[in-house]
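Student: Just so you know, the sequences run in chain order V and Y.
Just so we're aligned, residue 8 is where the first sequence starts under my numbering, counting upward by one.
Just so we're aligned, residue 8 is where the second sequence starts under my numbering, counting upward by one.
Be careful, since some hints might not be right.
Pairs involving identical chains hold if they fit within one copy or between any two copies, as the list cannot separate such chains.
To be verified - Below 27 angstroms or equal to it, Euclidean Cα-Cα: the simulated DSS-like pairs (lysine-lysine) are:
hint : residue 1 : residue 2
1    : Lys308    : Lys38
2    : Lys121    : Lys343
3    : Lys165    : Lys119
4    : Lys290    : Lys223
5    : Lys308    : Lys280
6    : Lys182    : Lys308
7    : Lys343    : Lys94
Derived by calculation from the structure, the hints in this document are not laboratory data.
Number of protein chains: 2
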Amino acid sequence: MGVQETVREQALEAKYAEIDLALLSDQIKNKILFAMADALIIEQGRILNANALDMKLGREKGMRGSFLDRLLLTDVRLEAIADGLRKVAQLPNPVGQIVDGRTLPNGLTITKVKVPLGLIGIIYEARPNVTADAIGLCIKSGNAVILKGGSEAINSNKVISDVLAVAGEHAGMPKGAIQFINTADRTAVDALITLNGLVDVVIPRGSAGLIQMVVKNSTVPVIETGAGVCHTYVDFSANVDMAVAIAFNAKVSRPSTCNAMETLLVHKDIAEKFMPLMLAKYKQAGVIIIGDDGSRKYDDKIDAATESAWGTEYGDLHVNVKIVNSMEEAIEHIRKYGTGHSEAIVTENYANARRFQAAIDAAAVYVNASTRFTDGFEFGFGAEIGISTQKLHARGPMGLPELTTFKYLINGNGQIR
Amino acid sequence: MGVQETVREQALEAKYAEIDLALLSDQIKNKILFAMADALIIEQGRILNANALDMKLGREKGMRGSFLDRLLLTDVRLEAIADGLRKVAQLPNPVGQIVDGRTLPNGLTITKVKVPLGLIGIIYEARPNVTADAIGLCIKSGNAVILKGGSEAINSNKVISDVLAVAGEHAGMPKGAIQFINTADRTAVDALITLNGLVDVVIPRGSAGLIQMVVKNSTVPVIETGAGVCHTYVDFSANVDMAVAIAFNAKVSRPSTCNAMETLLVHKDIAEKFMPLMLAKYKQAGVIIIGDDGSRKYDDKIDAATESAWGTEYGDLHVNVKIVNSMEEAIEHIRKYGTGHSEAIVTENYANARRFQAAIDAAAVYVNASTRFTDGFEFGFGAEIGISTQKLHARGPMGLPELTTFKYLINGNGQIR
Chain V
8 MGVQETVREQ
18 ALEAKYAEID
28 LALLSDQIKN
38 KILFAMADAL
48 IIEQGRILNA
58 NALDMKLGRE
68 KGMRGSFLDR
78 LLLTDVRLEA
88 IADGLRKVAQ
98 LPNPVGQIVD
108 GRTLPNGLTI
118 TKVKVPLGLI
128 GIIYEARPNV
138 TADAIGLCIK
148 SGNAVILKGG
158 SEAINSNKVI
168 SDVLAVAGEH
178 AGMPKGAIQF
188 INTADRTAVD
198 ALITLNGLVD
208 VVIPRGSAGL
218 IQMVVKNSTV
228 PVIETGAGVC
238 HTYVDFSANV
248 DMAVAIAFNA
258 KVSRPSTCNA
268 METLLVHKDI
278 AEKFMPLMLA
288 KYKQAGVIII
298 GDDGSRKYDD
308 KIDAATESAW
318 GTEYGDLHVN
328 VKIVNSMEEA
338 IEHIRKYGTG
348 HSEAIVTENY
358 ANARRFQAAI
368 DAAAVYVNAS
378 TRFTDGFEFG
388 FGAEIGISTQ
398 KLHARGPMGL
408 PELTTFKYLI
418 NGNGQIR
Chain Y
8 MGVQETVREQ
18 ALEAKYAEID
28 LALLSDQIKN
38 KILFAMADAL
48 IIEQGRILNA
58 NALDMKLGRE
68 KGMRGSFLDR
78 LLLTDVRLEA
88 IADGLRKVAQ
98 LPNPVGQIVD
108 GRTLPNGLTI
118 TKVKVPLGLI
128 GIIYEARPNV
138 TADAIGLCIK
148 SGNAVILKGG
158 SEAINSNKVI
168 SDVLAVAGEH
178 AGMPKGAIQF
188 INTADRTAVD
198 ALITLNGLVD
208 VVIPRGSAGL
218 IQMVVKNSTV
228 PVIETGAGVC
238 HTYVDFSANV
248 DMAVAIAFNA
258 KVSRPSTCNA
268 METLLVHKDI
278 AEKFMPLMLA
288 KYKQAGVIII
298 GDDGSRKYDD
308 KIDAATESAW
318 GTEYGDLHVN
328 VKIVNSMEEA
338 IEHIRKYGTG
348 HSEAIVTENY
358 ANARRFQAAI
368 DAAAVYVNAS
378 TRFTDGFEFG
388 FGAEIGISTQ
398 KLHARGPMGL
408 PELTTFKYLI
418 NGNGQIR
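With the sequences and hints as input, model every part of the structure.
Tutor: Structure representation (structure tokens):
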């Protein structure tokens, strides 16, 4: 059987599990998740052995240290993953919630009720913890799942999904609800993203290249978890100390995340007070500054920003700085270079706060806070399967409710039209 | 300038109008819609002349009568279209609604607020009324719109969109918010559905071929308004008269619509009472019956159903009939051949009603009512841009709220992470 045919068979098997899975009570789903968590600890030896093999192959291939660290599993990390499954179990069940309804003049009642999406395809890279996280979120939301992980973690991912599938089925999960595509063959991805009618949604998680490939080639609906070119605009009226603290935090606290700031926009009327403090603080932290002519007046060692710099998601300690003549210029800049992820204004001016939040088209628009808060856990969702930068279905951090759709139940006593 | 470049320019112009459009008050939007409605009547002469040209070209091309009828505009039909715009104006404004929110332990407030999607691409065929309907719904929901209609109605569509754009701009609509792609060149569609970053969503309306082409080739998110292979299952416990009335209505009242029934599934224990009445009623109405062996026992003139018949959306007075041994067999059949649109059970059995509604995965699942009610107007939404058969973002009839997304507004006083 070829790769395409294998993936199709797996999707069919998952689809078969889908109805029963959608009808599971929350009690059973929680029992399944707790059993999975326990199994990760019981089967720790097998999992760590498989991971050691991935680590060995990674080192042989000359994988970078930061990649190796993402790949590495330890008993402590496994315990954290197991704990994550238990926490997901304790979140509110998103399925069965009645979100709307009405009785029509003809007596028909219409009830809009949340139901699972069906079969979710997850395409991801590197971190083997995603295998367990994605399985946990999909099962809790009543969805079957088909996983295609990166080849560098294939042994770890395979064992984890096997362990969770077996433990889940013992606890009452329909057989076949978890499918792991056990091949490094890239054509498996092409097969998965064109299974219309079987796969209900594909969620890619990983590099911009992976996500763009999936968006471009998938005929199945995709939830894009895209890049974050996030901005902070320091208004003329900003509290300078607050602005420095926010712009520092947004860049430095964890620069590799998509909610980290890439570009700082500073109103010309506050630049003289703000820039020396900000630049000193950035330099202390080893931040490399790239700037427009206006900002380079404050430090002639700042590299000149090229056009491409403004659209770059650095993911490290680089930051772009630009002096703007007005808030509208800042809004225009964000409109041009932002990716619709998270944008912030620091201001003490009521009208500007309101105007900025209304005019900026992004998943999260902040006043006087760091963009770093855009996160399912920080937002209080209790879980996160990714951060959507598209506008359809889900926008911003996606928790359990974003893994559901709804259906209309219409009850009558013989109504015809 | 080539077609691709022209479409891109138009999308850019619409994108430019987008911010101002999103910020329009409902009062202004309503003023715009009423002005558009008036303009349709004032410019009736121009519109009917353009339509006469389309009709002439259609007749010359040998277009079928039913197509010509869909293409035709009259003063009465124009008045109805204008009235539709006025009705949309009177619907609740979907923009600005606060749908969720919370205050985090650190004092940050998070407000989830509905906002327009941005720029919506509508690709449609034949009926020129879609031009005005789509423009009305998009403007009321604060979206810019780019329209690509069928070549057979291009003259009517062009004049209607021009008239509405001019009237709208006079009443306060941002310039460029309505874009009509004025070419019969099919590559314009390819250009439109790959404008990621400019076009936020594409909604195809028309034949299955058009919709599948868009789903397959679009890199922009699509809302699929797909086929309806709808079923009615007559349970052993059904009230026979009610079952006959519902199955008759579902097939005959308007067979060309996607919510019309294509297949009737009958429990074996009620078949003897039900089938003679049903078949007689269908025959009276000229319905052509295609059946399995079980149903052919009741009339040997029934054509035998082939495998492909069960998956066919006839759109006319053909109906498939099958006798099933159990409700579970009916559910299995619907699962295999249904398109997730509308499915119905006729039953007096409480447990079966509950089981059917839980187990069937479709946008609308009926107990004791005709599938023909799946419609934005019937559901009380006051408008409809189409009926989604996909699960992401919108499912079932789509009204104004489905043309919005949301953003999170986060307000703080210096919070960092």
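Student: Now, for every hint given, state plainly whether the structure supports it.
Tutor: How the hints compare with the structure:
1. Taking the closest pair of Cα atoms, Lys308 and Lys38 never come within 27 angstroms of each other, the shortest separation being 60 angstroms inside a single copy and 55 angstroms across copies.
2. Only between protomers do Lys121 and Lys343 lie at most 27 angstroms apart by alpha-carbon distance; the minimum there is 22 angstroms, versus 37 angstroms within a single protomer.
3. Proximity of Lys165 to Lys119 under the C-alpha cut-off of 27 angstroms is found in neither arrangement, the shortest distances being 38 angstroms within a copy and 38 angstroms between copies.
4. Proximity of Lys290 and Lys223 under a CA criterion of 27 angstroms is satisfied in neither setting, with 40 angstroms inside one chain copy and 50 angstroms between copies.
5. For the homomeric pair Lys308 and Lys280, the shortest alpha-carbon distance inside one copy (19 angstroms) is at most 27 angstroms, but the shortest distance between copies (91 angstroms) is not.
6. With identical chains, the CA atoms of Lys182 and Lys308 are never at most 27 angstroms apart, being 62 angstroms at best within one copy and 44 angstroms at best between copies.
7. In the homo-oligomer, the alpha carbons of Lys343 and Lys94 never lie at most 27 angstroms apart, since the shortest distance is 40 angstroms inside one protomer and 36 angstroms across protomers.
Consistency with the previously given hints fails for numbers 1, 3, 4, 6 and 7, ordered from lowest to highest.
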